[in-house]
Structures are given as structure tokens and as C-alpha cells.
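> Using the hints, position chain B against chain A.
Protein chains in written order, with this note's numbering: chain A, 1 to 634; chain B, 1 to 634.
The hints are simulated quantities; they were obtained by calculation from the structure and are not laboratory data.
There may be inaccurate statements among the hints.
Claimed, not checked - The list that follows gives simulated cross-link-like pairs (lysine-lysine, DSS-like), each with its CA atoms no further than 30 Å apart:
| hint | chain 1 | residue 1 | chain 2 | residue 2 |
| --- | --- | --- | --- | --- |
| 1 | A | K220 | A | K192 |
| 2 | B | K143 | A | K143 |
| 3 | B | K188 | B | K220 |
| 4 | A | K192 | A | K143 |
| 5 | B | K311 | A | K608 |
| 6 | A | K71 | A | K134 |
| 7 | A | K311 | B | K311 |
| 8 | A | K134 | A | K47 |
| 9 | B | K217 | B | K192 |
| 10 | B | K134 | A | K134 |
| 11 | A | K143 | B | K192 |
| 12 | B | K192 | B | K134 |
| 13 | B | K608 | A | K311 |
| 14 | A | K134 | B | K143 |
Note that the coordinates shown come from a computational prediction; the quantities given were computed from them, not determined experimentally.
2 protein chains.
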Amino acid sequence: MPVPSEPTSFVVDTTHSPHAQLRPVPLRDVTLSDTFWQPRRRINQEKTLPSQYQHCETTGRVDNFRRASGKKDIPFEGIFFNDSDIYKWLEAAAWTLATENDPDLVQMVETVEQEIADAQQPDGYLNTYFMFDKAQDRWTNLKDMHELYCAGHFIQAAVAHYRATGKDNMLQVACRLANYISDTFGPKEEGKQYQTDGHEEIELALVELYRATGEAKYLKQAQFFIDVRGHGTIGGSSYHQDHKPVRELDRMTGHAVRAVYLNAGVADLLAETGEGALRTALDRLWDNMTTKQMYVSGGIGSRYEGEAFGKDYELPNERAYTETCAAIGSVMWNWRMLMLEGDSRYADFMELALYNGVMAGLSLDGQSYFYQNPLADDGTHRRQPWFGCACCPPNVARLLASLPAYFYSTSDKSVWVHLYAEGNARLDLPNGGSVAIEQTTRYPWDGDITLRLSEVEASGDFSLLVRIPSWCEEDAQVQVNGAGVQALVQPGTYAEVRRAWQTGDTVHLYLPMPVRRIVSHPYALENVGRVALMRGPLLYCLEAIDNLDIDLRDVMLPEQNELSAQYNANLLNGVVVLNGEAEVAAPEQGWQGQLYRTTVQASSVTPKSVSLTAIPYYAWANREPGQMQVWLRG
Amino acid sequence: MPVPSEPTSFVVDTTHSPHAQLRPVPLRDVTLSDTFWQPRRRINQEKTLPSQYQHCETTGRVDNFRRASGKKDIPFEGIFFNDSDIYKWLEAAAWTLATENDPDLVQMVETVEQEIADAQQPDGYLNTYFMFDKAQDRWTNLKDMHELYCAGHFIQAAVAHYRATGKDNMLQVACRLANYISDTFGPKEEGKQYQTDGHEEIELALVELYRATGEAKYLKQAQFFIDVRGHGTIGGSSYHQDHKPVRELDRMTGHAVRAVYLNAGVADLLAETGEGALRTALDRLWDNMTTKQMYVSGGIGSRYEGEAFGKDYELPNERAYTETCAAIGSVMWNWRMLMLEGDSRYADFMELALYNGVMAGLSLDGQSYFYQNPLADDGTHRRQPWFGCACCPPNVARLLASLPAYFYSTSDKSVWVHLYAEGNARLDLPNGGSVAIEQTTRYPWDGDITLRLSEVEASGDFSLLVRIPSWCEEDAQVQVNGAGVQALVQPGTYAEVRRAWQTGDTVHLYLPMPVRRIVSHPYALENVGRVALMRGPLLYCLEAIDNLDIDLRDVMLPEQNELSAQYNANLLNGVVVLNGEAEVAAPEQGWQGQLYRTTVQASSVTPKSVSLTAIPYYAWANREPGQMQVWLRG
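So that you can see chain A by itself, here it is in the shape it has in the complex (with noise of 0.2 Å):
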């Protein structure tokens, strides 16, 4: 059993997990100072989290705890689960105190902190919802309620607002939730009830919750509410993931953010235990998503009926669900696989997900949000200020607020660099010592990224593993003080560079980006005879705005035409855009207003050259409202 951590900034806390291969690294040690991510995360903390916060307040989920809690004689406001965004938007704004002094928004964390304690029942239950006349309701409809999702989310924050502020109001709330529910639910045997939430997330919370305080039962509690899923206690049903046992599940089904939140915290749990069977499982799990239900942007969940998964390879883009939320709980799955395993293929699967699956669903402005994330648009599908169900918006919040987190980890002797911005960091070593590192680069917009290692407090060889991203096919390098390394450099893999490193080493590793022209798998039907651009980790598409009079459906790029790639400081906060010349033969001149019609009716189109201009996907939507498409005729 581990001894409970002092309060570290730790987002995901595997330190003393005996499964993980790697070891976390502070948020507070690590600094980004890129023209990408670092942007993002100061309109986070600037404009983002307080329009979340005044959100929040207009639309009555502030009041709701006041009103539960005596202060505010006034009926319950919103939808029934609102509480869980107050809860993600403290897990964003705790995050982001970690590392800045931002008094405007203490005094808003402070006042949710303080709402949200004054809510708390004598009994340790805390959701806003089931208060007066539904006080009679708690705990009767665990299927479609999310009363235990809400208090997950809770138990998530106070865990991040613990290790965050140091400060333990929350996570002493939290303990006597989690106390409440250990109390509640459990084996029949203990007489407690057998049952478990339809949403999930309580799993993962839990095991945070018991890695931050060292109290074996809540490790317990996560592992019950695994196990006693599949069991039909919430009606069995493949949207709730209940139609078999974790153990047993082969395929991604249902509520897309249920079911990766649930294998994210089946991750959690391993991590600890080590149960093969989670393991095979999660193996099965993962690698149906990312080889039959992933969209190329590495978003998720392709179904609007339950924001769901569908059949194998059902990825429809104009259509596409693809929820914001689906995306970041990949990322949440992912980075937990990847602390398992060291595997860069988690790394790479987060990056995919990161640059392309969630940042699309965030404004330039950071202030907009999309729910949906389709990979084709007609114009009308635009990003909203808020939402009545606004679980998107704080969930981008707070992954943008603990992203440094995810970019180093550390294991025995090694340091782990998985993804790539230009900042600092400062590694402690598992088995003692620490590094300091200075990344150079202008990642995501080119592929070189020079390693400095500015101090290096360690005796001995240590290894530094680089990842080697599977989008890059050709000719990765890597150079250690300006001369080739014996380390094999193969995408999809980390270089492994091991010495005795000295202050002021320097590693360079050159990944080139090509445009990559991708293609899908002939089941993917919308994307027959189709190819969408990629560069380095992003993912491109054609907007009506850079491509002026051409209907982007008839769009064609021949395989030998070339496209040049060129940094536009002035364009969408600076992106790399795409240019070259393309075809267009609109389906009109042949087609006459028909549907269908017979082969022998078939008639040719002459088409016409233009010239194309291509941008990151991220980044459509934020100007002039017209066509997107990913996906161009090959």
C-alpha cells in the first residue's frame, strides 16, 4: 500500500503505482513557452475559465449549490447533472493556480469551494439536484441519474485541487462523499447496494482518490463499481457499457465519454492491481477503437443517437458525432495506457487526439466550443458560447490547464519525452538525481526539436527516450552533441539514448514533415476514393474562405500534384497552411438534378484546375462561415 503523497501537482498520479511503467511529472515542473499550446493555455486562464465561471453563474449551477445548501430559496435550475461542469471548471481553475497567481481567479475558486462544502449533506452526499422534494429520489435511478458521475467528477477536482493548491478543503469533502458512497454501494453480502452509475467516471476518481489519500477502501470502491458492471444491475444495456463484464468486453459500444472514461479508470485500476484479464481487455478495447471507430482527426464516437459509438468502420463525416468530451477521455485513456506500458503508440494516439479530435472543439478565442466535431460541414455547423449540457467547454478547460503535465515522464533511470513544444522542465529521477531540460522548437509547424539538457544532477548512465511519432514514415534522426547515436530510430517507437549525460548535453531529433496524403480502409465508405492531408500531427482541411467559388465536394487532387507547406504568421494565429493546384469537376454537368441512374447514362466532366489552399483542421470554423472537408476526391 503507498504511502499517501504530499500534495504534488501530480495529474495522474502513478508514482507508487507497482503496474505502471512510468512515473509522473509535476505540472509545476514543467513550462511551455511555445507560440502553440502556451497561447491556448493563457486565454485559458484569461478569458476561458472566468466566461466559464460567469456561465455558470447566470445559468443558476452556482446557485444550485446555494440553493442546496439553505442559502437560496429557489427552485433547481438546468439540467440534472450541471453540477459536474462546476466540478470540471474547479479541476481547470485548480490546475491553473498551480502555476499562476491569478487573484481574480482565487476569488472564484474560492467561491465554488466555499458553495460546494456548504452544500455537502450531514451524511457526506453531495449533489444539488436531489435536495428537498427529491431528496426522497438519491440513489433510485442510477442508470439515467448520474449521481455518481457528478460525485466522481467532484472526487476529480477536490483530488487535482488538493495536489494543485496543497490546500485539503476539498479533498476533505471528498473523502466523506467517497465515504458515503463506500457506505452505500458494495457486495449484497456487506448489505449495501449492488448497483453502479450510467455514466461512468466515479472508477477513475476513486483511485485518485486513493492514491492521494492511501486509503485502501477507495481502491476497493473503484474495483466494486468495475466489477459489478456487465451484471444487468443498470439494464444491461451495450450504451452503458452493462451488456457483458469489463473483463470480457471486445469491442468499443455505447455513450462514446462512458465508455472511454471507463477504461480510463479500468487503467487506473490496473495500474495498481495488474489483472491480466484488465489488461487483455483494455488491449481488446483499445485497438477496436483506434483500427475500426477512430476518425482520422482521432476523434471518437461517431453516432448522434446516444452519442455513441456505431458498427465497425460507421465513420460518416459531415454526420460525424465526434464529441469534444470523447476526444479528451481518449486522451485521459491513452496517457494512463501509455504510464502502463511506455508504448509510443498511446503517445502517438494522444497527440493525434490532442492537436486535432480536441483542439477543434475550442475557439481561437477560447471562448466557443463545439460539441459535435464533424470532418465536413456545408457552413452551418458553428461554435456556441455555452451549452445547456456544457460538458465540453470545462472539459477542454481543464485539459488545457494540466497539459504541460503529459509532455515528460520519468522511470527508473530513464526520462520519457512524449510530445513536443518549446519550454522547460525539471525531472526528478525515480532512483534519484534529476534533469533539467530546455526544449527548442517550433513544433507542431516543423520537426526540429533540439534537447538541452541544462543541469543534470545524476550519477551514473541514464536513458533519455525520445518518441519517434508513427507519423513519421521517413528518415528520422537523432544527434547527441551535434553526432549521430547508435539509438535505433524507427517511428512508432521511443530512441532510447543512454549515457552518462552531462550538464549541457545536446540532443537534436529531426523529424521531417512531408505532406502526407492518407487514405482509409475500404470500409470506411465515405472515404472510398478519398484522401485527407496530414503534416507532421495535424490533420488539414479546405474552408469555403480560403477557396473561393469552388464547391469543396468536387475537389480532386491528383496523386503527382505537389503541395508546398508555408508558415503564415498572419492567418488563424499563425498555421502552416497547404498550397497546390487541385481539380474540380462538379457532378452537376453530368447529373442534371438525378439521383440514380443507369451506367449506360453516364456521361463524362471535363474538370478545371485551381489552386488549393489547405489549413489545420484545428483551427476551421473561426472566420466567415462556409464548406469544410477533410476528406478530398484522390
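Below, chain B without anything else, positioned relative to chain A:
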């Protein structure tokens, strides 16, 4: 104003409609003796209707009426709009009794008649859900609660019952209900509720009640319910076709069944009023539906979410919703357009929907049903014996029961032949005289059709107009008494032969039925590079059971490969199957579990030859489960 009609078995009575081109033929005057429809109609009578009645009894649908009349003190059972299933069943049974002597069915109908009549309230109100504790909610939520929808189905059934049986007991109930509705809903100036129902159906029902009774206020009331739409009284959503006034609608949106029921009602109104703005609106909507939103099966409403029309060209195959009721609604609307305009395109689409979109909804044994009708499947989508929301089963039943009435029409000095199947008809010409026709054909299995005028009692010339289907792209021929005629024989028109017809004259129509390879508009993304097979009016598909050991997604049908058509009497109650050579190339050889890859990683796959057997799409899923595929790689 028309004279109230004597009870004559007209299915849609345009006899006196001033703006309809065509006049209906009584159901009772057309007899089918073919091997396609007539066996289905017999099963409909002998199996489908009794089993549906039984379902209505066991699921409490009939008991809800007994409860409403105070005969049973039980809770309401099922969904709040379940009354409508009883009404559609009653309509189906009534049409059946128009021609069949069936004491068992008479007894069921009399039970239903009695329970309905007894459940009507003194003020004329009739809805078994809004009784007792729910009585005060009457008319309080028109958007969602389907009260006028249920009323419409009853009125439509009552009119059918009156015309089919000659008994006016249900018609009287309907008039009391319609009077109450007229007193309740109307212009604000009259102190009435300025509102309509979220689910259309009342409109066409009231026009038909007007036709059956001659009571002008019912027509006025139908017009009111059409005019009030689009003024936000039920929320202003396109889902409810309430986002624009009907006269401004320009594309099919929202819940598909509602949309086509509305349009059928508008067409009925137009037949009475001739208002140009309604005509142009219907033309726009019909163009949008048939050229941008219709499956090759004639099915409509592609989206699961909201059972709705999607965006233009949004036509997924495996994920097609294509509700059986929507295809039936399309038949209803197209029939009314045909009566209005006498344009064969409406008969073409009616026939397409009938044979494919509708009939796929019913098992060969007449006792299980599809709600959704996908165009591809992995073997998991199977017909069900009944549904909680059981709109489709009795809808199919009423269409089959009334089907003979859709075969012929008349106009001044003209007889119109719309559909082909062996049988007899006796047609009264509007201007006097009559014709008896014997139709001899194996249609839809071949296109040889003989129309023998077995009795002509008419003075002077009149025209026989025979439909040359638009699918018949080559060499259609029309002969009279063995000799060619001067008539213009052109696909997508009626070939008109005008002469002084004599008893014993014979028209021979030859409609060649080569196998047609159909391609679809390139914006229908799932069909890119694919072909569908049709022959005559029938769409074909591959089913796993006929094509063993092949993943049907991998089948490629090269353009040059010939397909032969062969009648197999022992298969699926007798069908023409298509046989030929195809190729199969499994993608996994080249893909190895990848979902995306760059084009430089592409590898080639050597296809292998296989024998292919295709069956009519309507007949799929009547044997053991397995893959089904309409669109094949071309």
C-alpha cells in the same frame, strides 16, 4: 361544393375534386389474381390482420378503449399514441372487408367499432390516454402528444370503414370528433386555439371526411391546420415542419413520416382548392425528396436521430433509417400527386417505393416487420413480430388491403393504367360508359403485359393510357390487336392510344427488363464507386446465404460481367434471381488492421473470381441471418 358521396369503396376520393386530373376507381372494382400481390393480400387477411388484432389485445391497446369507456378499471397501457395503431388496423380490416367475406374479421372489426364508439366522450373527444387523471391535460401539448394525429387516423379509418362497408357508425363518431375539433381549433378571432399538431395526419383525414360527407367545414378545418404551420405555434422547428409556412417550404425536413403525411394532406387540399402556392411548394418538396433525399429503394428519411430527413445526399446504407411508414407515406403522397397531375413520374416513384421501400418492411409470412429498412446489414437487423411503437405493421396492412385501388384511374374519356399485375377491373368512365379489362402478365418478373378489353360499353373514342415506366430505358413497345400503334412510347410517360375501342380489343405492352446497373450522384458518398442492380421495378441485393464464404463488402462487379436473370419458383415464394461472375478482394490482405495509412504504403490485392447470386431486396432477411448488401463495388 361536392355532393356527399354514396359509400363507394374509393380509397382516396377525388371523384368531385375540381383540381384533380384523375378520378379514382373503387377498390371493389379491381381484382388481383397475380402471384406477387394477391398471395400477400391473402396473407394480409388471413395472418397479418388476425395476428395484429391479437397483439393489440395482448398489449392493452384495445383495453385502453375499454378503460376509457369505463368498462375496465385498469391503468393506461403502452405509449400515449397507441390508439392510432387500432385505427390503422381498423382501416386495413375495413378495406379487406370491402371485397372479402370473412366472418372472423367482421367479428374483430365489430368489437373494435364498439369499443371506439363507447370510448368517445359526450363532447366528441376521443383519445384513451387523456382520460381520468390525464383528462385535464387534453390539448395542452399539441407539439408532442399526438392527439390530433390520433384523431386524424381515426377519421381516416372511419371514412375508409364507411366506404368499404357502407356502415356509417364509425363515420358518425368521426363527425362528432371532427365537429369538436372544429369548435376547438381555428383563428384566434373566433376565440379558438390557434394551434396544430406536432405530428401531421389530421389534414388529409379532414379533407377525406369532407369528401365523404360534403361538409365544407371539414375542408376549411384541414386548410386551417395547414395554414397554421410555420408560425411557431408548436415551437417552430423543422423537425415538426413548423419552421416555415407550408407555402414557403423548399426541402424535406424533420420527421419523415410527418413530412410526407403533411404533403399528402396538402395535395388533398390542393385537389379541392387548386391554390398555386401550394402546388409550387409541393413541386419543390417533391423535387428535393426524389433528387436529393431518397434511397434507390424509394425509402426516405435517412436519419435515426428524429426518424428524419437529413441533409441533401445524406444517404448512409447500413445506417439508413428509412422507416417503413415513411415509404408508405411516400406512396400516399405520390398517389395524390398522380391524381392531381396525371404525370407518370408520380406513379414511377409510387411503384418504386411499393415494391422495395415498403415491401421490405414485411416478412414473407406476413407476421414480422422492419421499422428501419437499411440497404446493407451485417446480419443483425431482423424483423420483429411487433413493436412498442407499432406504427409500421398496421400501416403495411392498410396499404396491402387497399392496393388494387391504385392500379387504375379514369379521366374524361380516358382510362389510365398505372400498375401492372394479373387481374381484372371494371372501370366506369366519368362521362358515361364502362370498360372491363383483363390484365395478363407475370409482372414484376417479366414485362409482357396483355390488356384485354373484355367488355366495352362506351360510345365513340376514348383513350387508354398505359404507363411506360421510367426504368424502361429501351425498346418499350405497345401493340393493339397485334399491330404497332402511332402512340408515343417513351419511358416516364403514359403511352396514349385513342380509338373507338371494341369489346375484345387487346393491347400488348412489352417492357424489356434487362438487368440495370445503377450509379448514384457523387455527393451520396457511401455509393461512390458502387453500383446497385435493378431489374424492372425491383431493386436487388446480395444476401450471405446465397453467396457463401464471401464478405459481401468485398464484392466487385466489373462493368463487363454479364448477369443473367432466372425465375426460381422454390426460392422466397418465387423470385427472379440474378446470377453472374464477380470478383472479391478482401482489404485485410493489404491493410493488416490499419484504419488509415499514407498512400505510399498502398499495396495491391489480387481479386479472386466468385459466382454471385442476387435476390430482390424486398425479400431479404427471410432466411437465416447474414450480411446483406445493395451497393456493390463497381
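> Next step is simple, just say for each hint if it's right about the structure.
Here's how the hints hold up against the structure:
| no. | hint | in the structure |
| --- | --- | --- |
| 1 | K220/A / K192/A | holds, 14 Å |
| 2 | K143/B / K143/A | holds, 28 Å |
| 3 | K188/B / K220/B | holds, 15 Å |
| 4 | K192/A / K143/A | holds, 17 Å |
| 5 | K311/B / K608/A | holds, 27 Å |
| 6 | K71/A / K134/A | holds, 18 Å |
| 7 | K311/A / K311/B | holds, 22 Å |
| 8 | K134/A / K47/A | violated, 36 Å |
| 9 | K217/B / K192/B | holds, 15 Å |
| 10 | K134/B / K134/A | holds, 23 Å |
| 11 | K143/A / K192/B | violated, 43 Å |
| 12 | K192/B / K134/B | holds, 22 Å |
| 13 | K608/B / K311/A | holds, 27 Å |
| 14 | K134/A / K143/B | holds, 28 Å |
Checked against the numbered hints listed earlier, the structure breaks hints 8, 11; every other hint is satisfied.
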